[in-house]
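These protein sequences, in sequence, are chains A and B. Using my numbering, read the first sequence as starting at 1 and increasing by one per residue. Using my numbering, read the second sequence as starting at 1 and increasing by one per residue.
By construction, these hints were calculated from the structure, which means they are not laboratory data. We treat Cβ as the ideally placed atom computed from N, Cα and C, and that holds for glycine. Hints should not be assumed to be uniformly reliable.
Incomplete in silico selection of chain A near chain B, CB under 10 Å [said to hold, decoys possible]: (1) ALA20; (2) HIS41; (3) THR46; (4) LEU60.
Below are the chains, spelled out letter by letter.
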Amino acid sequence: MDWWKQIFAAFKKADIGQVAYVPDAGHAALIDACIADQDIHAIALTTEEEGVALLAGAWLGGVRGALLMQSSGVGNCINMFSLSSTCRFPLPVFVTMRGQWQEFNPWQHAMGESAQRHLETAGLQTRTAAEASEVGPLTTATLDKAFADGGMAALLLHQSLMPAKTFDQ
Amino acid sequence: MQDTRSDTYPLQRRDVVKRLTRGKDDLLVIAGLGSTAWDITSAGDRDLNFPLWGAMGGAISMGLGLALAQPQRRVLVITGDGETLMGMGSLASVALQGPQNLSICTFDNERYGETGMQMTHTSAKTDLAAVAAACGIAVTGEVRTEDALEAALPIILEAAGPVYHAIKVRAEKLDFVLPPKDGEHLKDRFRRALLGVC
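Assemble the whole structure, with the sequences as input and the hints as a guide.
Spelled out as structure tokens, the structure:
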């Protein structure tokens, strides 16, 4: 199964009702599947930190959510993560990585190389999926950490899972 | 640039908050950090209040998530002008989703009240109600007078939203009326009151 279909299937099984995202090439198929699903509110954000607060509000209202972003979005979230950690709001985050594999754009390296450290410093448990076959189980583990544990967890999706962006070069 | 005009604005935040929330037992209230968190508490600490102590810029997004999760309940976000400015993009995200049960009120005193009453951008140039309208929020208004507040109250509490109002309030130093600051407790009591479970 395509890696993104494994994430979507795990979302459905975990009864995810809100999926927040900033549009992203790596997550594009997953986002489209969430938009098309009648039981999921797919919520476009202007910046990733909105999603951290949005999912806290969803949890107050009894709905489970997940946050999708690219590695560059991790840096936008750092202070807002304090909302989740201080109040123990469940926060599962799915990060498509840049700057680590066939990366054409050197401006992506800074956050690509530091995203995991930033996430861990902010209190998120991190896992990395480097092979498509491990995305499903690691997604379930990430959701379990969030919802069974009132915790914060991120799954980093290695850039090798995504088609390379070549800027037509 | 110093502009002290808001020192004499007629509307006072502690009176406005009482009229928005008193007796509205079903209302789900999120307050931005600082003065608006003390304001909602001054009207009576209640389980269905979620006063933020941090996460500046997040109040409106939190209200959006809650409103989408609870479409049958009225959600009111009360926050400050500095907090609104920090999360201004969230007004665009609210407009895109268009939840009819969400109202947002910015208590706009044109100051950063918690850090020494420094001027915010709204003291000079920025019109937050116009920003909200330009983002696509259907019902917006600026409230400066008692009469305008009286007219706005039923819109804020009942009209099909999303609704955004900038309520121009006097810049004044008031007593701290502090809510509980244990975030887990605030979350758990809100969920217990709303959902019956933590």
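To see whether the hints hold, each was checked on the structure:
1. ALA20: holds (8 Å)
2. HIS41: Interface hint status for HIS41 of chain A: holds (5 Å vs cutoff 10 Å).
3. THR46: Holds. Min distance 3 Å.
4. LEU60: Result: holds, 5 Å to nearest chain B Cβ.
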